Every structure is written in structure tokens, then in C-alpha cells.
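A.B. asks: Spelled out, the chains give:
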Amino acid sequence: MARDLAIDLGTANTLVYMKGRGIVLNEPSVIALNRQTGEVLATGREAWQMIGRTPGYIVAVRPLRGGAITDFEITERMIRLLLQRVGVSRFTRPKVVICVPSAITEVERRAVTDAARRAGAADAQLIEQPMAAAIGADLPIDEPVGNMVIDIGGGTSETAVISLGGIVALEAVRVGSFDIDAAIQAYVRREHGIAIGERTAEEVKVAIGSADPADDENQAEVRGRDLMSGLPKTVVLTPEEIRLAIDDVISSITSSVVRCLSKAPPELAQDFLVRGMYLVGGGGLLRGLAQRIERETQVPVKMSTMPLEAVVMGAGHCIEHYDALKNMFMGARR
Amino acid sequence: MTVTIAIVAVALIIAIVVIAYVRRPRQDAGVTSFRRHIDALSPESRRAVMDRVRPSYEPDADVDSQETTD
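Residue numbers (the working numbering), protein chains in the order written: chain L, 411 to 744; chain Z, 1358 to 1427.
Be careful, since some hints might not be right.
Ranges between beta-carbon positions, derived for each pair [to be verified]:
id : chain 1 : residue 1 : chain 2 : residue 2 : range
1  : L       : Glu483    : Z       : Gly1387   : 41 to 47 Å
2  : L       : Arg527    : Z       : Ala1363   : 51 to 57 Å
3  : L       : Glu449    : Z       : Val1388   : 51 to 57 Å
4  : Z       : Gly1387   : L       : Ala596    : 48 to 54 Å
5  : Z       : Arg1404   : L       : Arg500    : 34 to 40 Å
6  : L       : Pro623    : Z       : Arg1393   : 44 to 50 Å
7  : L       : Tyr467    : Z       : Asp1396   : 52 to 58 Å
Don't read these hints as lab results, they were simulated from the structure.
In this text the structure is predicted, and so the values were computed from the model without any measurement.
The C-beta atom is built at its ideal place from N, Cα and C for all residues, glycine as well.
Can you make the complete structure from the sequences, with help from the hints?
C.D. replies: Below, the structure written as C-alpha cells:
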């Protein structure tokens, strides 16, 4: 009998929690395929290392964008391989809880559950990421108080107000860390005339990217291809430049937080001033983002202790208490 | 004949009453279900998952720290 699983099927990373065991897999949501035969060559970390560095016959892709499946067949194969890696076979079909962005459509939802079932799950239930994040971030959501969680992922940013085990207000935008990377790529191309890859843009973001000025800031050397000459070229980027490049994306995220705050009932809104908002997700690790949101909303922002794992931990809790919490699953409420 | 019809009618009424009684929504079903739901979300209930993940799980420093998650 297979152990039931909780899956955080993210645009950037996929994490798997196994009932009774904990997190058993944390890999980039990337798959590498032979373009000619369609054969899977690598998944996860190995495939991630191939992005932008493959010969013509290999393609390394992220089959999810904005938290939704863009290529059903590839996603199904990726999930099947990931499940195989955690011990799922055709004879052991576990129940699966999958975290998805709240903003995805009914069709996109069905694509995720179908992909999981066809990949070997006996039953697939969905849970909204901000709800799972609030459970995983250990917020007191069982109490009649306002808990606010901001989940910034690779392709989506979601803000939710949660009280008494349910979502009171929710705001989601299909903007996330990958949009920050894309904004950096576009800026470097436009202002410096060089082309850089997705991974280089991400490295720049991690090295000097910030949403608000800080005291200890450094510059970064970036190597790319000169658009005019076609030759390799190095340029130096400053944190101010990166802030300018990513400002539209950051503004979009902060505006969504403000909209969610304005939707919250007044009784709960006063709780946020005392308790603060909690930031989870990889995008929340961007330097100065908490301060920027705090400055624009006048509400304290705190970082969750395990921002990258909070969502899968919350879903893991749901799989541990499946019967008691099945009302939280997306199909159960609609 | 009349007696048979009367017995069948009484049996039918009893069956309908029993089914209606069994299928009626229990007054406290919502309360019990909600209580169970809230109890399952309590910090004590969540402790097992937190304790299971925190000591055993350490993300890789090289790749995961640079990757974002959804």
C-alpha cells in the first residue's frame, strides 16, 4: 500500500511530502526531452542544469507557467517520473493532495488532477496555495483572528486573509519570480545591448536584486552575448539598475497585497496591525521585498521560518488529516 | 385481501418513517464536523508535521537556494 502524498507542483520547484515521513523530494519543475524521439532524458535538478545549454535535439522545458500546465503530456510524464522516484508504481496508487494557485481556471484545475491520476494517483485533490502556506507557516488559522499570508512563487503571487480555517479574502496575480528574471533580461538587452539567459538573470537577481535600497549593496559583473557584434561581452550592473528594471513587477505584487487588505473585513483588518503579514515562497526571499510591502501598506511584514517549504508542509498536514480537512479541498467547496 | 392491503400500507408507512428518521440531517452534524475541522488545524495537531520536516529536511545550498518555488 502506497503512502499518500502531498505535492507542491510549482512553476519553479516541485516538492513532495510523504505521509508519515516528511519531505521526500525537492526538485526544479524541469524536464529534458529528446526533440526527435520524445524520450525523457532528465528531470528535476539534472534537467534544470541543461536549461539554455542544450544541443539542438534536446529541449529542457518547464511544463508549468503561472502555476498552470502549459503542456499536459509533458507535465504528466514529469509527475509520473517524480512519483516513481518516491516509490509509486502501478500497483501502489496513493491518494494525492496537490497545491495549485487559487487563480487557475476550472480547465487548468482539471488538467492538474487528470495529469496526477494518469501519472499513478488513485485520487487527486487540490488545495489553494495560500491556504496550504498558512497551515505550513504555522499561523493560528484555527482561531477567529485575521491571518494574512503572501505567497510569492515562480509564476504567481497570492495574498489571502484566513480566519477560522477558511479564506476570507483573496487576491492573486500571475506575476512571480520568473517575471522578475524576465524583467532583468529585458533591461540588460535594452540598456546594455547584450543578451543573457534565464539562469544568468536569476543569478543577477539573487546576487544584487532588491526591492528596496539597503546599506550593504554590491555591483555584479554579467556576461552575455553582444547583440551588435555577436561576441561575448561583460557589463557591470548596479542594484539601482536592477530595482529600476523590476519595479513594474514589484509594484504589481504590492498592489495586489493592498487590494487584498482593502477586501478584508474591518474586524480582521485591525488584527494585521498587531500580528503582521507573513511572507512565504521563493519570491519572498528577494532582498528588501518585505520592507517595500511594509512601507506601502503600513502593516508589519514577517518572513516565514521555512518559506520554500511552507506550502508543501501545509498540504502535508492535509494529507495527514485527510478526512477532517477534506472540506478545504477545492472541489469540496464548489 | 383488505387485511393484506392494510398490513402492506402499515409496513410502507413504517418504512417511510424509518427512512425519514435515518436520513434527517442531525442537528449537531455541522457542529461536529466544524469542530473536527478546526481541531485538525490547531497548532498541537500541526506539530507532528512541523517536527517531522524541520529536523530531517535541509535544502541543498547550491541549487535550491538559487531556485524559487511556487
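A.B. asks: Hints first: check each against the structure and report whether it holds.
C.D. replies: Right, here's what the structure says about each hint:
{"no.": "1", "hint": "L:Glu483 - Z:Gly1387: 41 to 47 Å", "result": "holds (43 Å)"}
{"no.": "2", "hint": "L:Arg527 - Z:Ala1363: 51 to 57 Å", "result": "holds (54 Å)"}
{"no.": "3", "hint": "L:Glu449 - Z:Val1388: 51 to 57 Å", "result": "holds (56 Å)"}
{"no.": "4", "hint": "Z:Gly1387 - L:Ala596: 48 to 54 Å", "result": "holds (53 Å)"}
{"no.": "5", "hint": "Z:Arg1404 - L:Arg500: 34 to 40 Å", "result": "holds (35 Å)"}
{"no.": "6", "hint": "L:Pro623 - Z:Arg1393: 44 to 50 Å", "result": "holds (49 Å)"}
{"no.": "7", "hint": "L:Tyr467 - Z:Asp1396: 52 to 58 Å", "result": "holds (55 Å)"}
Going down the numbered hints, you'll see the structure goes against none, and every one checks out.
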